[in-house]
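Note that full-length UniProt numbering numbers the sequence shown so that position 425 is 425, with each residue one more than the last.
It should be emphasised that the hints constitute simulated quantities derived from the structure, not laboratory data. Treat the hints with care, as some may be off.
[As the list claims (entries may be wrong)] Calculated cross-link-like contacts (lysine-lysine; reagent style DSS-like; alpha-carbon spacing at most 25 Å):
1) LYS72 x LYS55
2) LYS174 x LYS427
3) LYS72 x LYS152
4) LYS243 x LYS325
5) LYS199 x LYS395
6) LYS337 x LYS226
[To be verified] Pairwise CB distance ranges (calculated):
7) LYS69 x ASP173: 53 to 61 Å
8) PRO346 x PHE440: 53 to 61 Å
9) LYS225 x GLY195: 25 to 33 Å
Beta carbons are placed, not taken as given, at the ideal position from N, Cα and C, and that holds for glycine.
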Amino acid sequence: MVGGRALLPLLLLSALLVQIRASDPLFYEPFDESFEGRWVLSGKDDYKGVWKHEKSDGHEDYGLLVSEKAKKYAIIKELDEPVTLKDGTVVLQFEVRLQNGLECGGAYLKYIRPQDAAWDAKEFDNETPYTIMFGPDKCGSTNKVHFILKHKNPKTGKYVEHHLKFPPSVPYDKLSHVYTAILKPDNEVRILVDGEEKKKANFLSADDFEPSLIPSKTIPDPDDKKPEDWDERAKIPDPDAVKPDDWDEDAPMEIEDEEATKPEGWLDDEPEEIDDPEANKPEDWDDEEDGEWEAPKIDNPKCEEAPGCGEWKRPMKQNPAYKGKWHAPLIDNPNYKGIWKPQEIPNPEYFELDKPDSDPIAAIGIEIWTMQDGILFDNILIADDEKVATSILEKSWKPKYEVEKEKEKAEEAAAAAGDGLSEFQKKIFDVLYKLADIPFLEPYKTKIIDVIEKGEKQPNITIGILVSIVVVFVTVLFRILFGGKKPAAPVKPVAEVKKPKSTESEAAGSSGGKEDEKEEEEKDGAAAPRRRSRRET
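Go ahead and model the full structure; you've got the sequences and the hints to work with.
As structure tokens, then:
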């Protein structure tokens, strides 16, 4: 019993030491104080972006802020002691808030390997060698949380970038998010976003990294050449085949339908278009300067009620005798040897590896080129215990995120209360996007998408957007079903357009004037499309 009492203080002391050890990160930067004097700005001319020590929007918590758009940024913090990655668990974690979104730019960290003794932190740039690059990157089709390991090939001495395959994507919102990479001694690496595992991989697996850390044992022989007589054709034309005597290569694909008859009521002597009887020659029209005046054309109203106007021609139909150009049938190639490949030889760069031989982390750098401002970095951490990272996440990030999330929900609720269409609008836009993918609307797809996106940004015009697209849909469908039989589009008479006399100043810019006139003609033409001839029923 006495022995048990004596052990109790030891156990309590041991637990206390473990607690102290677990709460001691290898590096932690909460940016509670200004970064000036502790972090070093790059002295390179390319990096003009201004870093600021600012509060996160809506919080009293400070961070390191990207303050300007379309700039390059570079800043670095050297560690007191390098962090080794060869033994034990290493946790890399940091917080980023994209306060203005991220259309094109990076928000990742570079974990810098030890540099030469003469290296100055002010020389930090995109060429500075790193061990790991980790964090969000988004631009165009790229949307990923990067994890790149730079590993030295012991055979060649060259460093190779190994990219994590199928990394998680970057959250699209403007809330604070935490990115965590956990490197385990059994070669496992786990990527977490907001404490939730998004990706698990193995450093030595060719399925997880590109290129693989361990090179292939063999490579194609670069000096091997394909023999001249190597035949890769699996099939060849039958040399014994002969074109049939009745094969007519000149027969047309289509011929007139001799059985077709002209529809009753077809107006042979009526043109499809006539001069607008309401148009008048402008009073200031000068025949010598402007040329002979011609009235604008409109659809012939007589043709609207008739099957068609103008010369009637029989419609075309598929020619049953059409066979096209004759080709000999294909047969198996008796000389086929398969697709040629160079022979494999031992890879001089091959090496075996039990675990990555990664360089230590001697500094943490942020080197980015971004089109957005408002990127806020905070709570940068390196630890050798997952519990430390989880504790800081729960203490520093989670309360902020919950406040931001509640604010976001309140804003959405307020918007919904304003017009009562929030969920309804989402369903409408989903339907409209599907509508834009209908094949016969392909010529109008780009414009339809532009209109939909405008509607998403301005919810108050949702109904107008819906009506516009429905009108386009019905109009195109009407044209497909009924061809040229459509109401005549109103045409603005030339008489209504005053054409001023030429002046000396206009003569000086006559080239531009002609281009403007040409554009106006094209617009007028687009506003009043001409009906196509109807030659069949």
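Status of the hints after comparison with the structure:
{"no.": "1", "hint": "LYS72 x LYS55", "in the structure": "holds (22 Å)"}
{"no.": "2", "hint": "LYS174 x LYS427", "in the structure": "holds (23 Å)"}
{"no.": "3", "hint": "LYS72 x LYS152", "in the structure": "violated (28 Å)"}
{"no.": "4", "hint": "LYS243 x LYS325", "in the structure": "holds (10 Å)"}
{"no.": "5", "hint": "LYS199 x LYS395", "in the structure": "holds (24 Å)"}
{"no.": "6", "hint": "LYS337 x LYS226", "in the structure": "holds (12 Å)"}
{"no.": "7", "hint": "LYS69 x ASP173: 53 to 61 Å", "in the structure": "violated (20 Å)"}
{"no.": "8", "hint": "PRO346 x PHE440: 53 to 61 Å", "in the structure": "holds (59 Å)"}
{"no.": "9", "hint": "LYS225 x GLY195: 25 to 33 Å", "in the structure": "violated (56 Å)"}
Going through the hint list in order, the structure does not satisfy hints 3, 7 and 9.
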